[in-house]
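Participant: Given the coordinates of chain A, work out where chain B should sit on it, guided by the hints.
Line by line, the protein sequences give chains A and B.
For the numbering used here, add 92 to where a residue sits in the first sequence, where the first one is 1.
For the numbering used here, add 10 to where a residue sits in the second sequence, where the first one is 1.
Don't read these hints as lab results, they were simulated from the structure.
The reader is advised that the hints may include incorrect statements.
[To be verified] Just the calculated beta-carbon pair ranges, DEER-fashion:
hint: 1; chain 1: B; residue 1: L146; chain 2: A; residue 2: E318; range: 22 to 28 Å
hint: 2; chain 1: A; residue 1: S395; chain 2: B; residue 2: L343; range: 41 to 47 Å
hint: 3; chain 1: A; residue 1: Q279; chain 2: B; residue 2: F150; range: 25 to 31 Å
hint: 4; chain 1: A; residue 1: I203; chain 2: B; residue 2: K346; range: 34 to 40 Å
hint: 5; chain 1: B; residue 1: Q80; chain 2: A; residue 2: A317; range: 38 to 44 Å
hint: 6; chain 1: A; residue 1: I203; chain 2: B; residue 2: Q80; range: 37 to 43 Å
hint: 7; chain 1: B; residue 1: L343; chain 2: A; residue 2: S233; range: 42 to 48 Å
hint: 8; chain 1: B; residue 1: K346; chain 2: A; residue 2: E138; range: 18 to 24 Å
hint: 9; chain 1: B; residue 1: L329; chain 2: A; residue 2: D405; range: 43 to 49 Å
hint: 10; chain 1: A; residue 1: G379; chain 2: B; residue 2: L322; range: 54 to 60 Å
Backbone N, C-alpha and C define an ideal beta-carbon position, used for all residues, glycine too.
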Amino acid sequence: MKLLTLIIVFMLPLSLVSKEQLNILTYDSFTSEWGPGPSIQKSFEEICDCQVNWTTADSSGALLSRVKLTDNKEGFDIILGIDDSLMSEAKDTNLFSPHALSSSDLAKLNIDWDNETFVPFDYGYFSFIYNSSKLDNPPKSFDELANRNDIRIIIMDPRTSTPGLGLAKWIYQLKGEQSKDFWKSLQDQIVITAKSWSDGYGLFLEGEGDAVLSYTTSPAYHAIAESDENYKAMLFQDGHAEQIEVLGMLESAPNKKLAQKFISFAISKGFQDHIPFGNWMYPVIDGLEGSSDFYKYAPMPISLDRVYASKKDKDLWIEYWSSSID
Amino acid sequence: MLLRKTKTYGSSIGHQVLTKTINQKLERGLIIKLPFYFYIVILLFLLTFLINFFYETKNYSFVFDNILKQSIKFTFFQAILSTIISIILGFILSICLYLSNFKRKIITTFLNFFFIAPVLFISYGVIFIHGSDGLLQNIFQFINLNFSYTFFGIIGIIYVTSYFNIALSANYFFRKLTNIPENYLKLMSANKISLYVALTRCLKPVVLNNLSILITMVLIFCISNFTIIYIFASSPLLTTIEMAIYQKISFEANISEAVIYGFLQTVIIILILIPTLKLRNNFQMITLKVSENYRIYQSNLLSSFFLIIFFLYFFSPCLVVIKGLYNFNIDLLFSKNTILSFLYSLIIAFSSLCIALMIAISSLFIARSLHENNSYLSNYVILSIFIISFVPSISLSAILFMINVHLNFILPNFLIVAFINSFLLTPLIFLFLFPKFMENNKYEKLRVLQFNISAVNRFTRIDFLKIKKELIIVSSSCFVLSMGDLTSITLFNSSSFKTVPYLISQLYSSYRYNDAFFILAIFVLFIISFLYMVNSLAYKNVKIR
Numbered sequence: 093m094k095l096l097t098l099i100i101v102f103m104l105p106l107s108l109v110s111k112e113q114l115n116i117l118t119y120d121s122f123t124s125e126w127g128p129g130p131s132i133q134k135s136f137e138e139i140c141d142c143q144v145n146w147t148t149a150d151s152s153g154a155l156l157s158r159v160k161l162t163d164n165k166e167g168f169d170i171i172l173g174i175d176d177s178l179m180s181e182a183k184d185t186n187l188f189s190p191h192a193l194s195s196s197d198l199a200k201l202n203i204d205w206d207n208e209t210f211v212p213f214d215y216g217y218f219s220f221i222y223n224s225s226k227l228d229n230p231p232k233s234f235d236e237l238a239n240r241n242d243i244r245i246i247i248m249d250p251r252t253s254t255p256g257l258g259l260a261k262w263i264y265q266l267k268g269e270q271s272k273d274f275w276k277s278l279q280d281q282i283v284i285t286a287k288s289w290s291d292g293y294g295l296f297l298e299g300e301g302d303a304v305l306s307y308t309t310s311p312a313y314h315a316i317a318e319s320d321e322n323y324k325a326m327l328f329q330d331g332h333a334e335q336i337e338v339l340g341m342l343e344s345a346p347n348k349k350l351a352q353k354f355i356s357f358a359i360s361k362g363f364q365d366h367i368p369f370g371n372w373m374y375p376v377i378d379g380l381e382g383s384s385d386f387y388k389y390a391p392m393p394i395s396l397d398r399v400y401a402s403k404k405d406k407d408l409w410i411e412y413w414s415s416s417i418d
Numbered sequence: 011m012l013l014r015k016t017k018t019y020g021s022s023i024g025h026q027v028l029t030k031t032i033n034q035k036l037e038r039g040l041i042i043k044l045p046f047y048f049y050i051v052i053l054l055f056l057l058t059f060l061i062n063f064f065y066e067t068k069n070y071s072f073v074f075d076n077i078l079k080q081s082i083k084f085t086f087f088q089a090i091l092s093t094i095i096s097i098i099l100g101f102i103l104s105i106c107l108y109l110s111n112f113k114r115k116i117i118t119t120f121l122n123f124f125f126i127a128p129v130l131f132i133s134y135g136v137i138f139i140h141g142s143d144g145l146l147q148n149i150f151q152f153i154n155l156n157f158s159y160t161f162f163g164i165i166g167i168i169y170v171t172s173y174f175n176i177a178l179s180a181n182y183f184f185r186k187l188t189n190i191p192e193n194y195l196k197l198m199s200a201n202k203i204s205l206y207v208a209l210t211r212c213l214k215p216v217v218l219n220n221l222s223i224l225i226t227m228v229l230i231f232c233i234s235n236f237t238i239i240y241i242f243a244s245s246p247l248l249t250t251i252e253m254a255i256y257q258k259i260s261f262e263a264n265i266s267e268a269v270i271y272g273f274l275q276t277v278i279i280i281l282i283l284i285p286t287l288k289l290r291n292n293f294q295m296i297t298l299k300v301s302e303n304y305r306i307y308q309s310n311l312l313s314s315f316f317l318i319i320f321f322l323y324f325f326s327p328c329l330v331v332i333k334g335l336y337n338f339n340i341d342l343l344f345s346k347n348t349i350l351s352f353l354y355s356l357i358i359a360f361s362s363l364c365i366a367l368m369i370a371i372s373s374l375f376i377a378r379s380l381h382e383n384n385s386y387l388s389n390y391v392i393l394s395i396f397i398i399s400f401v402p403s404i405s406l407s408a409i410l411f412m413i414n415v416h417l418n419f420i421l422p423n424f425l426i427v428a429f430i431n432s433f434l435l436t437p438l439i440f441l442f443l444f445p446k447f448m449e450n451n452k453y454e455k456l457r458v459l460q461f462n463i464s465a466v467n468r469f470t471r472i473d474f475l476k477i478k479k480e481l482i483i484v485s486s487s488c489f490v491l492s493m494g495d496l497t498s499i500t501l502f503n504s505s506s507f508k509t510v511p512y513l514i515s516q517l518y519s520s521y522r523y524n525d526a527f528f529i530l531a532i533f534v535l536f537i538i539s540f541l542y543m544v545n546s547l548a549y550k551n552v553k554i555r
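Isolated chain A (complex conformation):
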């Protein structure tokens, strides 16, 4: 009997070790205690009988760089968190394999999607966030913002930040070849060009600017998590550029079957339930419980057409921005 107990005691950890492993590379805030990662991990592990391992990089851009540099020798199955502006570049690396979701699976999404490699898991619209207790008449368009010398804005460097690049795209979508002139007209308002979104947003909360480049969903965080309804997004009549965050399976994934299962899970309720109140972005499926509160504080803005940027496009947007700086 004692021997049997001993065998069971020794075998128990082995049975845990023998669980299938799913290695996901994502950005750091996703896996933090207060981000959606831990809840998503718990939900998925309940159905997969597997172990999810997260590895993080400090930004969305760094994720792709990491697998490119290592040729995925680290053995990741999934990359979660690159955005639509990196999709084309990511596909060109030939490091990713098709997601194999059917068109009926994709039809469940609340956004149009036909990409064969990447699957969206949340999205948002770039916007400028302001404190309505300090600024009572926010601009209604980009042109108005450029003419309002009383507003100091904080933006991010498009070379080191995804929202920064999003702003460059947004301006290009609205102004086309006139982008350089527009950047020049906006220059007086820009007080800080932060290196990352978190730094820029932190400085805004410290009072360094009247508005900060972020997402239309940011006010929902303040209203719901902090009970502060003063933070609002400037809603422009000329429309807002979109950002879609996606996940993709790596060609050299050690556990493709499990990775495929996770991709299907990413567009299910079990995953999406944690997006509005964990990642503070719009979920890609409708009908989630309690999400009406989220949409109340993060109303959908007018959307500009979706753009899938190539490396050349991005270089052009950055060039318009950098050549306008004195």
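Facilitator: Positioned in the frame of chain A, the structure of chain B alone reads:
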């Protein structure tokens, strides 16, 4: 007796040979020298890897890139300006402190803390005071003074970079001033020589002696101000080489260009500093003499005024602790994440310190041996220790990351982070321990030869006792510096491996700014308590005036 004899006789010749070999090695101190040889092997390995990068890079047009030129110009402009400001103000502060009645132990403890305080803490502390919605601007508003200013851009960068380096310089000069021999002071007192005359004439050689080493250290610290640039560079034009490297690695996945950028920075620093990297005989002046109590100069109105300004400059950013504690969050404090982050920070700091101490002590030992034999190679030992600190830590991280990729990730991440940190701490330990290590070396050498003392015995019985106090102090500083580092951890973290600075950055990127300030405050309080305890230990049983 017979049995004992038989046993002795029965021991094999091989055993005798082995014992003899071990004894010879002990005499030569091979065990002590090993860490330095290991370090040299790593250096050569890194060099080979670097050559490979050059070999693989086909197109060098990026070297003539305007962005790189701008980065180089700005890197050295801000670094040289900060160095000049730091050394001048550090010198003035040291005089004010020397004239003041504050206890030396307290002065050096605070100067140490200001030098090693986490960059994030001081940066956000400065914003808390000087930001657009900061304490100062609110006071101006309250008294209806229409004066507003922004602290972002070059002003903020110089202000915060100088903060740490003024403390370092002041500490250095203060130690020199406290070491002015008593007979010098008595002579000056008898001749009624003023402090100004004393410093500009009589004591000039004492003050200027080894200044080049201070300049080297300060310049290196001013160049590697990545976090400060990250926070305060309000414009894309204010970009340093380290920032360009970060961009190349994180966003362009271009490791070759990143490494070559790092190489360029290293070469430029070497060209600037190579004349200063010479081993000097007289290092005695940078140790702190705590028991000295002869004073002829007293503080005056001007020195008191400067002291108040410096007091405000150094202590005002620390007020951010209040903001952090105001957001007290007990759940966060005792969460698994926070506890693990503290634990990993402690492990990283401890491992880095152990590696750095082994390399530094080993190199000190070799440098002294060579110096005692009048060998010019001693200068190369120093150069080899310093050279790695010239390489931007983000480049070093990238190279080690790529080496680990080629080795199929054989090295655990925490070990790589520990190695990177230790390489950057080694020169600091080397420099700090050098004066004590070299003390009476000529006399000691004679005695060592006379009594046939082995190298290991010399180290454990003589050197260790000499450097014990300094060792405790520098170890505590390096421990704290390593705990607060964020550079290399950004490349090597995982969900199960994160440190306190990384936790703060995670909180920061998840809208949880108040919680980030809270953890920062707790982290700083931990550091202060730790330093206080270590200093108490170091100065235990020492009579201080």
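Participant: So, for every hint listed, does it hold in this structure?
Facilitator: Hint-by-hint comparison with the structure:
no.	hint	verdict
1	B:L146 - A:E318: 22 to 28 Å	holds, 26 Å
2	A:S395 - B:L343: 41 to 47 Å	holds, 42 Å
3	A:Q279 - B:F150: 25 to 31 Å	holds, 27 Å
4	A:I203 - B:K346: 34 to 40 Å	holds, 36 Å
5	B:Q80 - A:A317: 38 to 44 Å	holds, 41 Å
6	A:I203 - B:Q80: 37 to 43 Å	holds, 40 Å
7	B:L343 - A:S233: 42 to 48 Å	holds, 46 Å
8	B:K346 - A:E138: 18 to 24 Å	holds, 20 Å
9	B:L329 - A:D405: 43 to 49 Å	holds, 46 Å
10	A:G379 - B:L322: 54 to 60 Å	holds, 58 Å
Taken one by one, the earlier hints all hold for this structure without exception.
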